[in-house]
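Protein chains: 2
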Amino acid sequence: MTETSNIYRNNKNNPELDEKFMKEAIKQAKKALELGETPIGCVIVRDNKIYARGYNRRNTDHTTLGHAEINAIKKASAKFGDWRLEDCTLYVTLEPCQMCAGAIVQARIPRVVIGTMSPKSGCAGSLMNILECHLFNHSCEVRRNVLQKECAELMSLFFKNLRMSLKHQNQAHNPQLHP
Amino acid sequence: MTETSNIYRNNKNNPELDEKFMKEAIKQAKKALELGETPIGCVIVRDNKIYARGYNRRNTDHTTLGHAEINAIKKASAKFGDWRLEDCTLYVTLEPCQMCAGAIVQARIPRVVIGTMSPKSGCAGSLMNILECHLFNHSCEVRRNVLQKECAELMSLFFKNLRMSLKHQNQAHNPQLHP
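Line order of the protein sequences matches chains A and B. Residues 1 to 179 (the numbering used here) make up the first sequence, in order. Residues 1 to 179 (the numbering used here) make up the second sequence, in order.
Treat the hints as calculated values from the structure; they're not laboratory data. Don't take each hint at face value.
The calculated DSSO-like cross-link candidates involving lysine-lysine, where the alpha carbons are at most 27 Å apart (straight line), are [said to hold, decoys possible]:
#1 B/Lys20 <-> A/Lys74
#2 B/Lys31 <-> A/Lys79
#3 B/Lys149 <-> B/Lys79
#4 B/Lys75 <-> A/Lys74
#5 B/Lys120 <-> A/Lys30
#6 B/Lys74 <-> A/Lys74
#7 A/Lys74 <-> B/Lys30
#8 A/Lys167 <-> A/Lys49
#9 A/Lys160 <-> A/Lys79
#10 B/Lys75 <-> A/Lys79
#11 A/Lys120 <-> B/Lys20
#12 A/Lys31 <-> B/Lys79
#13 B/Lys74 <-> A/Lys79
#14 B/Lys74 <-> A/Lys75
#15 A/Lys74 <-> B/Lys120
#16 A/Lys75 <-> B/Lys79
#17 B/Lys74 <-> A/Lys31
#18 B/Lys75 <-> A/Lys75
#19 B/Lys31 <-> A/Lys75
#20 A/Lys31 <-> B/Lys75
#21 A/Lys30 <-> A/Lys20
These numbers come from a predicted model, not from an experiment.
Work out the full structure: start from the sequences and follow the hints.
Written out as C-alpha cells, the structure is:
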C-alpha cells in the first residue's frame with residue numbers, strides 16, 4: 001500500500017469525517033435546488049481538505065456534462081493538473097449515474113462516499129455497479145447511506161416542488177378543469 | 001416515431017454515409033496521434049451534417065474528461081443549447097469506455113456507430129454493454145466495425161510507437177544493458 005493510499009483509507013475508520021464532508025456536499029446540493037435543478041452535490045477531498053466542489057447544473061448550463069460529480073472532477077483535475085485523482089475521496093449526495101460512475105473509475109478515485117441511493121438510475125449498486133466492477137483496471141471502495149435522511153429529504157423536497165409546479169401549470173393552462 | 005428520429009434512422013440503411021462520417025472521426029483520431037495521445041476520434045452528426053468533433057486530449061489537457069466522445073458531446077450540447085442530443089448519431093473510432101458510454105446514454109443519443117471494438121476496456125459489448133442496457137431510461141442502436149481495419153491500425157500504430165519509445169528510454173537509462 002502506498003503512502004498516499006493511506007491518507008484516504010484513514011477516513012474509512014472515521015465516520016465523523018465522512019459526515020463532515022457529506023455536509024459540504026449537501027451545501028452544494030442546496031445550490032442546485034435554488035436553481036430548480038435536481039439537488040445533487042459533490043466534494044472531492046484529499047488529505048482531509050476539500051479540493052473541488054460541484055453541483056448539478058445540467059439544465060442551467062444546457063450540457064449533458066453538468067452533473068455534480070463531473071463538475072467536481074473537472075475542477076479537481078484542473079487543480080491537480082492530472083487526470084488521475086488517485087488519492088482522493090469523492091463525496092456525493094446521490095448514487096452516481098452511469099456517466100458519473102464511469103468518470104469516477106476513469107479518474108481512478110479510490111474511495112466514494114454516497115449519501116442516498118437512487119433505485120431507478122444509480123450505477124453504484126442499484127441498476128448496476130460500475131464503481132465496484134472488477135472487470136475494469138480500477139475499482140473503488142464505496143460507503144453508502146452517510147447522512148442518508150438529509151440527502152433523501154432534499155430529493156423529496158425537489159420532487160414535491162416539481163409536482164406542485166406542474167399542477168399549477170396545468171391549472172393555468174386548463175382553468176375550466178379547475179374552477 | 002417522431003420526424004427527427006427518422007433522420008438518424010435513415011443512416012441505418014446507408015452504409016456509405018456511415019463510412020463517410022467514420023472517415024471524419026478517423027481524421028480526429030489522427031489529431032490525437034499527432035499529440036502522442038491514444039488515437040480516438042469522434043463526430044456527432046444531425047441531418048447528415050457534422051455538428052461537433054472531438055479527439056482524445058486526456059494527457060494534453062490533464063483532465064479525466066478529455067476523451068474524444070466527451071469533447072464532442074460538450075461541443076454538441078453547446079451548439080444545440082441542450083443537454084439532450086436526441087436526434088444525433090455519434091461516430092467513434094474505438095468502442096467507448098464506461099464514462100463515455102454513460103455520457104452517450106445521458107445525452108440520449110439514439111444511434112452510435114463504432115469503428116473497432118476494445119476488448120479490454122469497451123463498454124458497448126466487450127466488458128459490459130451500457131449503450132444497449134434496457135435497465136436505463138434510454139438505450140441506443142449500435143452499429144459496430146465500420147472501417148474497422150483503419151481504426152484498428154491506428155491503435156496498433158500508437159502502441160507500436162509507444163513500445164519503441166519505451167525501449168529507447170530504457171536503453172538511454174540503462175546503457176550498460178544495451179551495448
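Against the structure, the hints come out as follows:
no. : hint                 : verdict
1   : B/Lys20 <-> A/Lys74  : violated, 33 Å
2   : B/Lys31 <-> A/Lys79  : holds, 26 Å
3   : B/Lys149 <-> B/Lys79 : violated, 32 Å
4   : B/Lys75 <-> A/Lys74  : holds, 16 Å
5   : B/Lys120 <-> A/Lys30 : violated, 39 Å
6   : B/Lys74 <-> A/Lys74  : holds, 13 Å
7   : A/Lys74 <-> B/Lys30  : holds, 25 Å
8   : A/Lys167 <-> A/Lys49 : violated, 43 Å
9   : A/Lys160 <-> A/Lys79 : violated, 37 Å
10  : B/Lys75 <-> A/Lys79  : holds, 23 Å
11  : A/Lys120 <-> B/Lys20 : violated, 38 Å
12  : A/Lys31 <-> B/Lys79  : holds, 26 Å
13  : B/Lys74 <-> A/Lys79  : holds, 20 Å
14  : B/Lys74 <-> A/Lys75  : holds, 16 Å
15  : A/Lys74 <-> B/Lys120 : holds, 25 Å
16  : A/Lys75 <-> B/Lys79  : holds, 23 Å
17  : B/Lys74 <-> A/Lys31  : holds, 23 Å
18  : B/Lys75 <-> A/Lys75  : holds, 19 Å
19  : B/Lys31 <-> A/Lys75  : holds, 25 Å
20  : A/Lys31 <-> B/Lys75  : holds, 25 Å
21  : A/Lys30 <-> A/Lys20  : holds, 16 Å
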